Amino acid sequence: MKTHNRMLWRDLWHLRGQLTAAALVVACGVAAFVSMRSTYESLLFAQADYYSSFRFADVFAQVKRAPENVAARVREIPGVAQVRTRVAMPVTLDVPGLPEPATGQMVSIPDRPRPMINDLFLRRGRYIEPNRDDEVVASEAFVVANKLNLGDRIGAVINGRWKRLNIVGTGLSPEYVYEVGGGTIFPDNRRFGVLWMGERALAAAFSMEGAFNDLALTLSRGASQPDVIQRVDLLLARYGGLGAYGREDQLSHRFIADEIAQNRISSSTLPAIFLGVAAFLLHIVLSRLVAMQRMEIGLLKAFGYSNRIVGWHYLKLALVTVVCGVMVGTLVGLYLGGKLTELYRDFYRFPRLDHFASAGVLALTTLVSVAAGAFGSLGALLSAVALPPAEAMRAEPPAGFRAGVLERTGLARLLPSSGRIIARSIVRRGWKSVLAVLGIACAAGMLVLGGFFYDAVRYLMWMQFEVVQRDDVTVAFNEPRSADVRHELARLPGVMRSEPYRAVPARLRFEHRSRRVDLTGLSPQSELRRLIDVKLRPISLPPEGLVLTAKLAEVLGAAPGDDVTVEVLEGARPMRDVRVTGVADELVGVAAYMDVAALNRLLREQGALSGARMVVDAKEAPRLYNRLKGMPAVSGVAIRESILKSFEEILDRSIRVSTLINVLFACVIAFGVVYNSARIALSERGNELASLRVLGFTRREVAVILLGEQGVLTLLAIPLGYALGTAICWLLVTRLSTELYRIPMVLTARTFVFAFLVVGLAAAASGFLVARRLNRLDLIAVLKTRE
Amino acid sequence: MPAVFHVHGISKVYRMGEVEVHALRGVELDLYAGELVVLLGASGSGKSTLLNILGGLDVPTSGEVYYLDHKLTGASEEQLTRFRREHVGFVFQFYNLIPSLTALENVSLVTEIAEHPLDPGEALQLVELRERMHHFPAQMSGGEQQRVAIARAVAKRPDVLLCDEPTGSLDYATGKIVLEVLARVNREMGTTTAIITHNAAIAGMADRVIRMSSGRVVDVRRNLQKISPAELAW
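Going down the list, the sequences are from chains A and B. So that you can map any letter, position 34 of the first sequence is 34 in my numbering, and since no number is skipped, the others follow by simple counting. So that you can map any letter, position 39 of the second sequence is 39 in my numbering, and since no number is skipped, the others follow by simple counting.
Rather than coming from a laboratory, the hints here were simulated on the basis of the structure.
If you anchor each label on the Cβ, the simulated ranges turn out as follows:
{"id": "1", "chain 1": "A", "residue 1": "Leu536", "chain 2": "B", "residue 2": "Glu112", "range": "49 to 59 Å"}
{"id": "2", "chain 1": "A", "residue 1": "Val385", "chain 2": "B", "residue 2": "Ala233", "range": "41 to 51 Å"}
{"id": "3", "chain 1": "A", "residue 1": "Gly17", "chain 2": "B", "residue 2": "Glu77", "range": "22 to 32 Å"}
{"id": "4", "chain 1": "B", "residue 1": "Ser62", "chain 2": "A", "residue 2": "Ala291", "range": "36 to 46 Å"}
{"id": "5", "chain 1": "B", "residue 1": "Glu77", "chain 2": "A", "residue 2": "Pro389", "range": "39 to 49 Å"}
{"id": "6", "chain 1": "A", "residue 1": "Thr269", "chain 2": "B", "residue 2": "Glu112", "range": "46 to 56 Å"}
{"id": "7", "chain 1": "A", "residue 1": "Thr269", "chain 2": "B", "residue 2": "Gln79", "range": "53 to 63 Å"}
{"id": "8", "chain 1": "A", "residue 1": "Arg413", "chain 2": "B", "residue 2": "Arg25", "range": "48 to 58 Å"}
{"id": "9", "chain 1": "B", "residue 1": "Leu224", "chain 2": "A", "residue 2": "Arg776", "range": "39 to 49 Å"}
{"id": "10", "chain 1": "B", "residue 1": "Glu112", "chain 2": "A", "residue 2": "Gly17", "range": "28 to 38 Å"}
Please read all numbers here as calculations on a predicted model, not as lab measurements. Glycine included, C-beta positions come from ideal geometry on N, C-alpha and C.
Put together the whole structure using the sequences plus the hints.
Next comes the structure, spelled out in structure tokens:
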């Protein structure tokens, strides 16, 4: 081995603790990048592959009932490539082993399999047999969640008739990658599923022979989607069209697209933080090393080693560290990416969602890490190269403290001697102190951000299911029912209070902006479904006019006092201008509300109802559920407790994983920064600390002086981290404010305390490790050496 | 005169890798209250080791050391720290000032943890550096730094002042100024003072001169004609 290589290994060994800390930070950055980026690519690939192989539609439309020949006219619209018409109906299901009724989305499929838009992927079992009216292919998520098997039978109320359906296969469709239904965005796979049934059987069951109520189409290349949508709407209007919409408004697609986009952003920001911190750590470690090895550098140069070789030596130290970090980080990243992808498999149903990391990802992470390492070592490298041999062989000049800002402001006088040593050292290190604070602040910020998601989602669920929606059970009727139905509902077992509502699909238009929403008529005395303002105070529903949710008001650009055009997409499809009389704050979806009496007047109907919200005596609930399962009028049942429980399970699982990763990463950063800074302080100030010990200072007192600096930096960093984290949360809140949901800006004390504890403990642990070295301080040796 | 330090048969063996180094071999010694002792010897003679043991920085391999009626040998790390804190003032060849503290603050550092200290300004007055008290070490000459170190050492009114080559890093003139300060502290405050040096000329200012060689005390001589540092020449 060449001598300078031996020197490299010795330096590596000597600095193993500090370089390991830096390598770990690199590893975290690489792991974060590899895991998130590979998951992002895997999701993107799975999505693109699925959409193209199974012909995911570009435009969707629902209609009350349109004759089949309308499809031919849709096909003639310029820009339309292919059209598929279907019968799609929600039904109430009785699933074996499930006490509550479930909702099934029945979707028609051809009697024999053929390639089509929104094609069915058959995972298990077989396709339905032609002309059988009791066979269905059920969605995989639903079958798995309910632990059903092929051949199991489930009960369904189809168009008022009780029927047993035989599950012959399980399947997936690109429309239901994120499988939610029944007007909610919260997945509950036990209580919602898609059932594919032969088109003839389904059409017969719903008296839809020769007709359809659901249409999907693909666009040809270069087609204008808005134009096509407009023409489809014109065509379908007289058949009860509910308004066509593009992929971007398709619920399942929207969720995955958002998720993928978020993955893309976080896969580049988080690793950047880590690599920045790693570069900083390498910088301080190598700068110190160069300072300590002045003699050796001078000697090597005096012997005739070139600047290139000397510089290369220090660069190699950085590179070995980075490469070790990259290797460990890649392995961890691949593992975590696999786990993350597995987590996504719970949420999103693809025929295949395989985790893979492309060569590009691995090459990019290596390249970026090496660049960060080289950048971090640049300063040290340059100072090693710049040292003239003669000067290098003289001892490092003593630390030049001068009167500075602390003295001019008189701050120094307020501090005890140990405090002055700490304060002056921080001030003297200048931007290194600033960077250390920033590094630790990143760790705290990361934890705040992690806690924020938990806090915000919790708050959202609380607001939706405790403040706004306060019923136990919501039932939806398959079609509007007369006002008398309220007496029937009140007589159902266990129903303690019931509040009927009227809901119609409507298009709201203001100036050139429009939105398709559910227009809901509520009783002004409604207790189970409340409208609230920003401060969570209930709003009383005015007898006339519209109350818009804040997001809808924002989207339409309408405010109280404005007249909005309401185009009802049901029945006689009346179109009227209605004044906006209020704005309500809701976190989920966009909606508009009216007094139910006013809505009935608008629709020119006598107190028709679409469903009811009920408070139920828990003891009677099973009997109620049994009754609901068999009620022909009921097309959907939502049970608050079940939604909450199922959501909680999913949330807990993903939060556990992400919290663990978050804490781990934050610890590595805080530990890396504090450990390295303290080690360097110990190395730079060993003589000083030993002198203090000789003067009679105890180990504890000396440790306070050594670690006080890190302590002060950590204490400065934590509030900064809070601010940083909070700012990023704000950014996210603004960015994630979509029509599907708004993430509320909620941060609890718990999150801040947790961040404080994790960062504080990580800093304390690293400080403790360094403090132990104080015991090994050789009091005699340092007194014999010149600083 | 009562002995402040009583050293009985101490030996010190270091292990330097595979070799055993006998730094001290059965040293017997007493130091008396108020006297100024110069420990003379070549490098490697064991004088620094002896001083470190007296100051509670090091422990002998065998033998006993008493400070008044406290037995230093066998004392715990904490007890030795307290001993240094309460009784010993150190002056080193390389001053060992805290670079981030001014002259005054370096002195205050010690007076803050002492029981009956001098006023830090007064201590600097004693070494004639009062006007430089707000300077940082990097802004002072070597001689000035050493005088601050002496002020720091005496400010807590130590019972003994242990000086390891205090003039080793200084030029002739500055060295003599520093020695004068040490002599004055010994004279005016009555502090028992031990100065280690390899410079035989310094022996002239001592009450007693102890010569060491190869880890043994080879000669103890009382100076009949003690001279002032100003009269020393080397």
